Amino acid sequence: MALSSKDLIGLEHMSQEEITLILDTADAFRAVFDRPVRKVPIMRGKTVVNLFFEPSTRTRISFELAEQRLSADIINFSASSSSLKKGETLRDTAENIAAMKIDMIVMRHSSPGAAQYLADVLDASVINAGDGPHEHPTQGLLDIMTMRHKLGSLEGKKITIIGDISHSRVARSNIYGLTKLGAEVTLCGPPTMVPGAMEQLGAKVEFDLKKAVRDADALNILRIQLERQSQMVFPSNREYALMFGIDEEVLRTTKPECFVMHPGPMNREVEISSAVADGPRQVILDQVTNGVAVRMAVIYLLSGGDPGSLAGRG
Amino acid sequence: MDWKSIPQEYLVHNVKLCLGGKLSAETGYLHVKDGKVKAIGDGKLSVENVPTFDGNGAVLSPGFIDVHVHFREPGREEKESIHTGSRAAAAGGFTSVVTMPNTLPPVDSAPMITYQFDRARESGLCRVFPTGAISKNQDGESLTEFGDMVAAGAVGFTDDGAPVMNGSLMKYALQYSKMLGIPVTCHAEDTSLAGSGVMHAGSWSAKLGLPGIPRVAEDSMIYRDCELARATGGHLHVAHISTKGAVETVRRAKADGINVTAEATPHHFTLNHSHCQTFSPMFKMNPPLREESDVEAVIAGLCDGTIDCIATDHAPHTVMEKELMFDQAPFGIIGLETALAVGITSLVKAGKLDLGKLVYLMTEAAAKIYNLPGGKLEEGTDADFVLFDPEQQWTVLADEVQSRSSNSPWLGEKLTGRVKATFMGGRNTWLDKDFS
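These protein sequence lines map, in sequence, to chains H and Z.
First residue of the first sequence: 61, per the numbering used here; consecutive thereafter.
First residue of the second sequence: 4, per the numbering used here; consecutive thereafter.
Think of the hints as simulated: they come from the structure by calculation, not from any bench.
The reader is advised that the hints may include incorrect statements.
To give an idea of the chain Z side of the interface with chain H (calculated C-beta under 7 angstroms), a few residues [what the hints assert, rightly or not]:
(1) 206
(2) 211
(3) 326
(4) 328
(5) 329
(6) 333
Here the structure is a predicted model, which is why all the values come from computation and not from measurement.
Here a beta-carbon is modelled for each residue, glycine too, at the ideal position from N, C-alpha and C.
Please take these sequences and the hints and turn them into a complete structure.
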């Protein structure tokens, strides 16, 4: 089996089988991390461009590491989206880079649809590293990979995502991926951040945090963007922490085995207390490790890698 | 005779007349002399020594009138000039248009009105009737010189492109324009509710992660402006109505006897927000494409007279601008050259209203909003008319678009109904390539 598209734009249009293939492949790469030499020669001679129109530290480093561990040649390109508004369109930029003959582009852009657009105009493979609030598929995959390690099959499992769902690409990719694997997703946050229309994506909406976490198998806590305060979306960090912050007291009301995830960077004492962030119920650093493995898997599969041949390498 | 050399006096025969909202069952004729209608009627007429042109069985109706276009001159001629806009109008069968004032600088003084008239006269392809801005520099703060602009020929005042958030300014505009006997047109949008929205706020915006413009941004302003029209007795014209709530508000206002009229665009009675899923900026306009229930409400409004006329909101933008991502691209699409065909395809062929009514909504009804000449063909009126084939299918191609811009959601789409020839004051302003 192989992926059906040359690109990874989002989890919305991926099949359950494709998602499972990526996760299985990522597990194989994850095994490589425990060896003394963590590099494999799979992408030798191939060039990957990391095209970041929005600042990113974690995602960019994670992709770079994944590319390096696959022995790819790497070009990093960072630019603010605003320079595009001045004249050069995304198409111009993309065609210029493509003219230099590259194999793959990893792109982050502030506009929903940017990754799809790039994929449509270029022959090279495109990996969406976040297109505005639309999708962030590798984050969704690494979250699911982490859940799968803890829970085994996700069929029938209850996952609660808490935070600013409306503006979150992480939430959208999680919802699409998790529901395809049979999980039940509940979204929680103030109504200003959780529009009712999100139910049409296949998730449940629950504004009462206590109810939202009670039966959950895992909590995925999103970063609250502090600038939303000035946009009148929520009153204060203090009130958010009081009503939706996850602390030890909240965790006492969940199932004992329920664990806590966060895509980072965290606002400690706002959406998550330090005691939880550093405590025994969190798997936040596993997520980071799995992120590299998932990105290796995606790059490998999109460049035509045979998942079967990996087994021998482990 | 050859359509390319039109004499001072001529006859058109073998046409089906579409006048006063009715399509004639039999063929008729039109007799033109010195730019005016000399005679028009069913049957045949032959006048000695007057050349006769064969209409090939096409429908002949008054030239279309679009009360909402953006011709971008002065300031943004790379998108459209008064000449290229007039050319697009002629190709779409239009003989009169009402231009919006959000040029650069905005049309906010009598010399600007005069300038636009002059440019239109030089082009000579379409009658152009400018509106003026409600506030100086469209900054929403103080009234422009309505009287001076009306004396120069302005047909109305509008905040199109820069909604008037200040209710007091809108009230004074309606009071003052009432004295002058002309309408104030509102682009109904509470900008604080619209925020950074780029498409309709609903299931698709939630899915796509694009910020939404809620219906209430339009509904609340239309309610405010209808009440201001009630209070002042001024004539309020509602531009590009797009929500079911707004249609209902206008329906109630009319029942209450408030002096309000409304227009709807072909895109708002045809397309819905699901088209945004391609992320193509060709589906980005303001007001945004709404839900199917809104589309149905707009059609119902057109059928029962709540909405008075069809207008395109022809809004040209360059290819580069529409190559931007959805959230960064400007709002608006061109519409002059597809208006008839979209109307026929999505209203007439769909059985929503008959061809006579469609033509009425694009002619006589439109003329009434701004008290324009035209919209009718009778002995003595200007010979502004169009010949079209209501059955011909054609594909919208960027290469054939006469506007300087080609930002149309119908590019590559097959539509029914094709303009064959357009005449302004008896003069030919557009001839389809295969029409002779």
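Hint by hint, here is what the structure shows:
1. Evaluation of the residue 206 of chain Z hint against chain H yields a held restraint, the C-beta minimum of about 5 angstroms falling below 7 angstroms.
2. A hinted interface residue such as residue 211 of chain Z counts as satisfied when its beta carbon comes closer than 7 angstroms to some beta carbon of chain H; here the least separation is about 5 angstroms, so the hint holds.
3. Proximity of residue 326 of chain Z to chain H holds as hinted, the smallest CB-CB distance being about 4 angstroms (cut-off 7 angstroms).
4. At about 3 angstroms, the closest approach between the beta carbon of residue 328 of chain Z and any beta carbon in chain H falls short of 7 angstroms, and the interface hint on this residue holds.
5. Below 7 angstroms, beta-carbon pairs count as interface contacts, and residue 329 of chain Z has one with chain H at about 5 angstroms; its hint therefore holds.
6. Of the supplied interface hints, the one on residue 333 of chain Z is violated, with its beta-carbon coming no nearer than about 11 angstroms to a beta-carbon of chain H, more than 7 angstroms.
Hint 6 from the earlier list is the only one contradicted by this structure; the remaining hints agree with it.
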